[in-house]
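So the protein sequences, as listed, match chains A and B.
Quick note: the first sequence uses the numbering used here, first residue 293, plus one each step.
Quick note: the second sequence uses the numbering used here, first residue 10, plus one each step.
Keep in mind the hints are simulated off the structure, nothing from the lab.
Since the model is a prediction, treat every value here as computed from it, not as a measurement.
Do not take every clue at face value.
[Stated by the list, open to error] BS3-like mimics (lysine-lysine), calculated; alpha carbons at most 27 Å apart, straight line:
#1 B:146 to A:364
#2 B:204 to B:247
#3 B:255 to A:465
#4 B:87 to A:364
#5 B:161 to B:135
#6 B:153 to A:465
#7 B:101 to A:370
#8 A:375 to B:146
#9 B:183 to B:255
#10 B:143 to B:230
#11 B:146 to B:230
#12 A:465 to B:204
[Stated by the list, open to error] Restraint-style ranges between C-beta atoms, simulated for each label pair:
#13 B:308 to A:389: 31 to 39 Å
#14 B:67 to A:444: 41 to 49 Å
#15 A:389 to B:88: 29 to 37 Å
#16 B:240 to A:380: 36 to 44 Å
Every residue, glycine too, gets a C-beta built ideally from N, C-alpha and C.
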Amino acid sequence: MEEPYEPSVTIEEAPVEKAWLHKRIDTKDKTIAFRKLRARRLNEILIEKFFFINGLLAILILLSIFSLLFVKGFPAIKELGWKSFFGSSVWIPNSYSTPQYGILSLITSTLMVTIGALVIAVPLGVACAAFISQVASPRIREILKPTVEILAGIPSVVVGFLGIILVNPLIAKLFGISNGLNALNGSILLAIMSLPTIISLSEDALRAVPNSYKEASLALGGNDWQTLIRVLIPSALSGIIASIMLGMGRAIGETMTVLMATGNAPALTFNFLNAIQTMTATIAIELGEVPYNTTHYYALFVIGLVLFIMTFVVNLVSDIILQKYQQVER
Amino acid sequence: MRILNVRVWMLVIGVAIGGFALIGPEAQGQNMIQVKGSDSEVNLVQRLAEVFMQKNPAVKIGVTGGGSGTGIAALINKQTDIANSSREIQPKEEEAAKSAGVQPFRVVIATDAISIITHPSNRVSKLTLEQIGKIFKGEITNWKEVGSKDAKISLYGRQSNSGTFVFLRDSVLKGDYSPNMKAMNGNAQIAEAVKRDAEGIGYVAVGYVVNEKEEVMEGIKIVDVAKEAKSTAYTPAKMENVMSLKYPITRPLNHYTNGKPAGGVLDFLRFEISGEGQKIVRKEGFFPVQKDWMEFNRKQGL
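For reference, chain A alone in the conformation it holds in the complex (with noise of 0.2 Å):
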């Protein structure tokens, strides 16, 4: 028990000792105030410690995975030579008499898929994120926008199989050859699944341009149409453009479906219609039977360490491409 604080005398007799009195109940209250501040500091220290602890987390995963791949990989690379590396285009690790590591070849069917993706997405992404921001009513706005993040929810294996069945006949008959399992196959079902980046993003950039800058061109005569091409669109660019990397980097890194819809033949092409094989099938089809801590083992993380760089660098360039739109913006 504490001590207690009842009054001995009452405040009437005693004035002095009134304040003395209301200054024990005061410490009293601090105390409790103060346990009850401490507890609660403590708890948001911790919580605190937790977030930067996670946050530090996801720095300390990039660093490691960054030098996983280059250790892994190095090995090879010793052994080989940068030049049989990149300087060649055959790859046949499996190879019946001598095992080759040109990695040209896969890096230009990644790029030729990404491209051919971006080419058809932007267009169609960028058009579709204007008519949600600027005509559609907010009836069917609240319809379209969530249906096209939908879009982002398929799994990667259920867009490639529609690669295989649907989007492979349509080009074979389309374009007059025997089968349709090729880079522009590839390209389409990449921007099927990078269109709700772009979409999404490009939305969220146009319609953070300010009321103002539209209803300024409307007043000086503009119509909708050069409102949209020579106002708005101009002033979101940096946020459509970031869209745009954003959606480039998922197309770069997406193994399943092109896998599934590119043919994967690793011969060096520039043609769209020839079949393909990208970096991200080659290490997921061939990590699964390489023996460990063999030169082909370590060159599949060359190739990985490849594609992580240059995944890194889109992201990188969208990021500060991004950051500099939201300085623009406040």
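Chain A is already provided as a structure; the job is to place chain B on it using the hints.
Using the frame of chain A, we list chain B on its own:
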């Protein structure tokens, strides 16, 4: 209150994870047999396992594909009890197995004939081994070179983890596949692709395109294969052609285990090569184990 809720949730999740961790090892009891590997064998072994499990309800067998290379790698890494392999284990793999303390033990469970398939509209009905080799190496690129219409040959093959890929490369091509060959995920995918491609050619395990009544799958044509230009060409669809080795691309389908098997695994292997098991093999479109290989199995102590 909210913080309390978070704590409660953390507790619940923690207990759940802990619980699963405890339950996990129990679920993988002694009677669970893992079979992994060859895509050519996966349906066959799945069927054999189903019948075996009906007779021995205490034994559970899980069969997955992935390719012969994947199966052997899993055996070396001790992630599977039985590796399916449609090719022999390679010296490199044997070395890796030895250094990992794994002793590959081979059992032959069926006979397969690698079938060369084309679109039904293709006029080519017979090819020599040399022609097949040249086509897949990319030295023959037009159908008119082997007697069909003037059209570019569209190649379908398997990924390098496939036993069929390695077997054909080592026994027929004796060289590397053309970089223009489209690498498909499995036998069924090759058959589907060739069905849709008038200029396509591919190779698959016979069980995927022929049934036990020796009927060829609809939409597919199987090319007769001759050993040399002068010799007769035979189809892999007929059992006698394969069992007499007249069809030149035949191979045994194998299981590999770590050391001589015992317990449930041994029972399952014995069932597979028994008369009843071999009947199922035939029903799935493959052929029974050849005499020499059956003798090999006996010598192995099965």
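Restraint status (C-alpha distance of residue 161 of chain B to residue 135 of chain B at most 27 Å): 18 Å, holds
Hint consistency between residue 101 of chain B and residue 370 of chain A [alpha-carbon to alpha-carbon, up to 27 Å]: 22 Å, holds
Are residue 204 of chain B and residue 247 of chain B close enough, with their CA atoms no more than 27 Å apart? Distance ~21 Å between residue 204 of chain B and residue 247 of chain B Cα, so the pair holds.
Range hint 36 to 44 Å: satisfied by the CB atoms of residue 240 of chain B and residue 380 of chain A? 40 Å, holds
Honestly, do residue 308 of chain B and residue 389 of chain A meet the 31 to 39 Å range at C-beta? Between residue 308 of chain B and residue 389 of chain A, where Cβ atoms are some 34 Å apart, the hint holds.
Hint check: residue 255 of chain B vs residue 465 of chain A, CA-CA at most 27 Å. Holds or violated? 40 Å, violated
Take the C-alpha atoms of residue 153 of chain B and residue 465 of chain A, compute the straight-line distance between them, and say whether it is at most 27 Å. 23 Å, holds
Is the straight-line distance between the alpha-carbon of residue 375 of chain A and that of residue 146 of chain B 27 Å or less? Holds, at about 26 Å.
Could you grab the alpha-carbon distance between residue 146 of chain B and residue 230 of chain B and see if it respects the 27 Å cut-off? Between residue 146 of chain B and residue 230 of chain B the Cα gap is close to 21 Å, so the pair holds against 27 Å.
May I ask you to test the hint 41 to 49 Å on the CB atoms belonging to residue 67 of chain B and residue 444 of chain A? 46 Å, holds
Regarding the pair residue 87 of chain B and residue 364 of chain A, is the alpha-carbon distance no greater than 27 Å? 23 Å, holds
Take the C-alpha atoms of residue 146 of chain B and residue 364 of chain A, compute the straight-line distance between them, and say whether it is at most 27 Å. 32 Å, violated
Comparing the model with each earlier hint shows violations of hints 1 and 3; every other hint is respected.
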